[in-house]
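K.L.:
Residues per chain are reported as follows:
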Amino acid sequence: MNPLLFGLFAFLMLAFGVSVVVNRNPVASALSLVVSFLCLAALYVGLDAYLIASVQVVVYAGAVMVLFLFIIMLLDLKAEERRKFNKLAVGGGALVSLAFAAQVIGVLGKFPKGNQPFPTLKLPPDETLNDIQKVGESMFSQHTLPLQIVGVLILVATIGVIVISKRELK
Amino acid sequence: MTITLNYYLLVSGLLFAIGFAGVLLRRNIITIFMCLELMLNAANLSLVAFSRFNVGPDGLPNFNAQVLVFFIITVAAAEVAVGLAIIVALFRARQTTHVEDIASLKF
Amino acid sequence: MSAAATTTPVQMVNVQIDGVWMQFPKGTRVIEACKQAAKLIPHYCYHPKLTSPGNCRMCLIEMGTPKMTPDRKPVIGADGKPEIAWIPRPQISCAQDVSEGMGVRTNSPMVQECRKGVMEFLLINHPLDCPICDQAGECKLQEFSVEHGNANSRFLERKVKKPKSVELGPRVTLDAERCILCTRCIRFMQEVAKDDVLGIVDRGSFNSIACHPDRKLDHNYSLNTVDICPVGALTSTDFRFKMRVWFLKETPTIDVNCGTGSNITIGTRENRIYRITPRDNDAVNGPWLPDSHRLNFKFVADPKRLTAPEVRPQLGESKPGWQQAINLAAEALKKNSGKVAILASGRATNEELFLVSRLASALKASVVDILPRTGEADGMLIAADRNPNTTGAKLLGVATGKLAEIANGIRSGSITALLVFGEDATNAGLTADDLAELDALVAMDILPSATTDKAHVVLPSSAWCEKRGSMINLKNRIQRLNKAVIAPGSARDDWEILRDLIFAISGSNGLHSIEDVFKAMASATPTLAGLTLSRIGDLGVDLNNRELPSAGHVVPPTLPTL
Amino acid sequence: MAYVVPRPELTLKEKAYLPSIISGLKITFGHFKKMLQGKTKVTMQYPEEKWDAELPEYYRGAPTLVKDDHDRERCVACQLCEFICPPRAITITPEEIPAGERFEKVEKRPAEFKIDMIRCIYCGMCEEVCPEQAIYLRKDYAITGITRGEMVHDKKKLYELGGVFKGLVHKWNPEK
Amino acid sequence: MDFITSIPWALIAWSVAKAVFVIFLVVLPMVSYTVYAERRVSAAIQDRVGPNRTGFPTTLLGFKKDMQIILGGLGQPIADAVKFILKEDFTPGGVKKFYFWLAPCLAMLPLVSLAFVPFGSSLFGEKMVIADINVSVLGVFAVTGVGVYAIVLAGWASNSKYPFLGGIRSTSQMIAYELSMGMSIIPVLMAQGTMQMSHIVQNQADNGWTLLPLWGHGLSLQSWLLLIPFGISFIIFAISVFAETNRLPFDMPESESELVSGYHTEYSSMKFALFFLGEYTAMIVGSSLIVVFFLGGWHMPGIPDGDGNGGLAILRELPHWILGLVNITCFFGKVAALLVCFIWVRWTLPRFRFDQVMKLGWLYLFEIALANIILTAAIIAFTSK
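Protein chains in written order, with our numbering: chain A, 44 to 213; chain B, 17 to 123; chain C, 42 to 603; chain D, 56 to 231; chain E, 177 to 561.
Simulated from the structure, these hints should not be mistaken for laboratory data.
It is possible that part of the hints are untrue.
Claimed, not checked - Straight-line distance between alpha carbons at most 35 Å, and here's what the computed DSBU-like set of lysine-lysine pairs gives:
no.	chain 1	residue 1	chain 2	residue 2
1	D	Lys210	C	Lys181
2	C	Lys339	D	Lys163
3	D	Lys122	C	Lys283
Construct the complete structure from the given sequences, taking the supplied hints into account.
P.N.:
Structure, rendered in structure tokens:
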């Protein structure tokens, strides 16, 4: 991936990620998250994962975040903006996160494989990478059982949501 | 200057740290939930990066990692649906989405 | 109520009105009795404050006396009440007193027939110029014609032409065609104004109201004839053709031209005053009002009115906002604390004077007084004291009689700052040079004067009809002023200006509305204890023999001192 | 009294909804086709074609003031129209006719008479209420202007639009 | 600085040029003339005339009459645009300003999804699609899915009851119908075996349209059996497109009579125009998708593509750029025909009630689409060797 584009999208993604955390207004948080996810999708494209990028946008930006926004608006959270941050929690949380980031950097410094440049792909001439087909093949042959389990999980989740959101639990 | 795997892992780690920080210091359930999503996506980014940098003998990326990402996204979507339903139910009962206001186990 | 009601114990008589037996004091006129029984009888010539000539015939009723047995005993009917022998012809109710066992029918077929006939006669020569008549809308002829008259005229002959637009006097115009010859105006001039200039001339169909030759209707109460004229025959030259009465918004308030405090109604439309009419209050002015007071409202709409605060250049700020002007004034006054004199006005309301006294104590003012204003009393409604609120000023300790000390103080240098409130200081023995000597001169007024010309800070305030408040008249009656129009430009209510001045000088005082000021004043002044602005009511409260608040009455808590 | 409208029993065809959609589409297409073929023609091409000649007697256009056969303003500024006007479009400033003028006997006339045509709703109540038969709704309907000020008709404009209206108002006849 | 030089500037420039060409010379005029067509067609359906006299404003230069251009009224969209730009653009007090401005910008987002749509075969050897990627179908859905933010934000940022209700309704409606839309297209993708739109169109050109399998491999039992699920897919997809574009009978978010035109109540001037244009852009995108998936894209039986393949032998002799242009014309001709159908339906049907809309989406279309996938799978499994 081009370093310029990588830098741009990585920076935007992290910046909007920070904005998710620091924004008091939940709607602003949610929209920042959407932008962050879109940048993430761009990074996926840079990694030649077109399918994952599309699914990221369709599922996260198109469905999950709309759902978030929908709920935030429905609940009408006005009190949140007036709340004061707990200074101790802020300090502690920031400290733990910084420690974690430092650790990541430290570990990565000792990870020799991490310094390899982009490996080139060997593709037949006149053909682009058909990742959909490959992912599909992998999913439906090697990972059939997990796929089934995920299917059942979604069914359970659907039923669960319907039960939870019924007004009176009987 | 070339982009190596470490760059991706670093960005992924930072994104995770940001999400983690959000979970620790925000008190609004919905924001916490969003930060969780952020963390999941950080993991996804590492996975996709690993996939791309692990080119197999056939000259193609290792798609197993991408399948895993696919599963993660699916599970995350299901989790969001259930989680938001719970939040709505909670809000109906308590009129708040603030974790500090929800201290009792049973209501 | 009849006038004799209060003195001797009155004898009550039983009267049957439209089948209902009621009791009235002896001497009550039948028309008044019916009015008290909520049976309004149409009338033109009758006026409760004038004699009854009985010439309009509109108040005809059917009347009866007790039926008598041959031995002069009343016949008692089946219901235990005396039976009534009805007189076969109608009687006028205005010239008839009630008597024992009398019966009255105010709405019988005969009465209705009579009224219809009378209306038809009255309208024979009446022109159909309601569209231009100023009385239209409050015209008794219109009203009763609708209620009792015919829809169509049967009169085919030519109407009698009489003089129109006759100048009876400087303020009254006559339209003889519209006159129904009720003679209310003649009787008013004879009996109330005691200036017998009006009369009826010519005969028959041609008789009409006229002035005595060589005389004019120029009495100072002449406009009251316009008020009592039931039709549009007499009209006010000042108000003539200016505005239709149904557009006027009526605000009940009081007159401020003299200490009497006559009750008036101000007619306004779109923030402009069109006329002032008396408002009935037997304890003050009855239904009358002198012309000089009635027409003294033109200055309110004067184009020279002060509309924005001004500051003399040496204090900076050529076009200050209110806050700046007040701050500058407060600063200038504070600098001269202890050497301040306040010239207040007897035209100010109690609330304003109360705030003036507070301001005086905040500034440690050495002299506070009002400017006395005297004229000639006319023996009727105009008092010699032309300040409407001298009593209030005395009550609140603002009128001290130390006016002369101001001029002396300035000349001797013991007074270096002067606050002039609604007056021209040059009328108080001060010269323009004296004013120029002052360190600080703050003037509040509505029109420019010699004082505002010299003042360092000019604060435009509101005229009497632009504000609310209370005043106490010479008979010790507290009455309310109401707001009829809005002050021009950015001029503000006087009490607000004073409140802000006090605020700028000595900090918050918790006064947010005129009601708050009245409350604070009432709790600081025993005479006013228990009163509020709304309890004063439209007719005022007599402070002489007022029922003091009962034991359970909660006195409003005293506000923190300023 | 409450009356419950019974819901009609739907046949399967109606429940399926699509056949009804198709029949609806057929109807609209029929209109579309006829219009294209020029078979329907109800629209009037306004500035070229006008309806002026066929305006009914009772048409209510712009309100105007009229003069009588002696060139006298009929309006006496009674302000009844100002009072009745529902959108308060009328503003009248009355004045006394000075002595010595031809119609001095009438005594009163409007010094200014303004109708704000932006406000006017052409209800005709002013015409109905006028005791002097001075205000009439005429057949002008294209009242246009570029500024708001232009849309306020003053006395001059109102008389220009209204013109002379013959017929006697009895009151001002000196013989009667 | 190798990473700057490594950027394929030429490719970017060329893509931008294509995008600009498509957006400004094709789509935007198409959008504005769709609005015009809507007005004329609706007028004709209601026995009226519609805008028929906007011409060159010669009256401004002092002439008696405006000059009519060919068919009177064709200048209407231009006049509308001028009017929208010149109108006062006010922002009501109390709105959340940033989002209030952001929303109309997002409303034009559907335009982006046109980048994935192949609108012609090839012209001068250049493929007539801006971004020919292997997941272009998913890409289109991704972009249209993000389009809902415009309405949600507009409704929320207006800080007013009715726009908010409109926004909420729209969100739920769009989520509901996006599902059935995506599900309904799966049978077509299953049969075509690709997610790349240009391939889907090429397949149809070679083997018969999805709904018209009359040549190539299309003349097989499988294709004919598959017509059943494809027909169902087509109907569901078309209905979902109506719902996604908020067109009648599904214009819940607007509902003039109940919600005072819903989410854009507080908008005026150009900001309002963007919503308006966004709706028509979405319509064009929807029609393009129907054309690509079901009606053979740019292909017309008998006409060769831009490289001179297929079609009638005589026509292959023509210069290839003419063929390329004809292909583009065919595509937009089909889209235009569908747009007229959109308009036609709008002026025929009354609006659904909101509960009916949701019921139709969740209870019928979604389930039928799911069953349809299984049916397709069964047909493919049992008929292929």
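K.L.:
Which hint numbers doesn't this structure obey?
P.N.:
No hint contradicted; all consistent.
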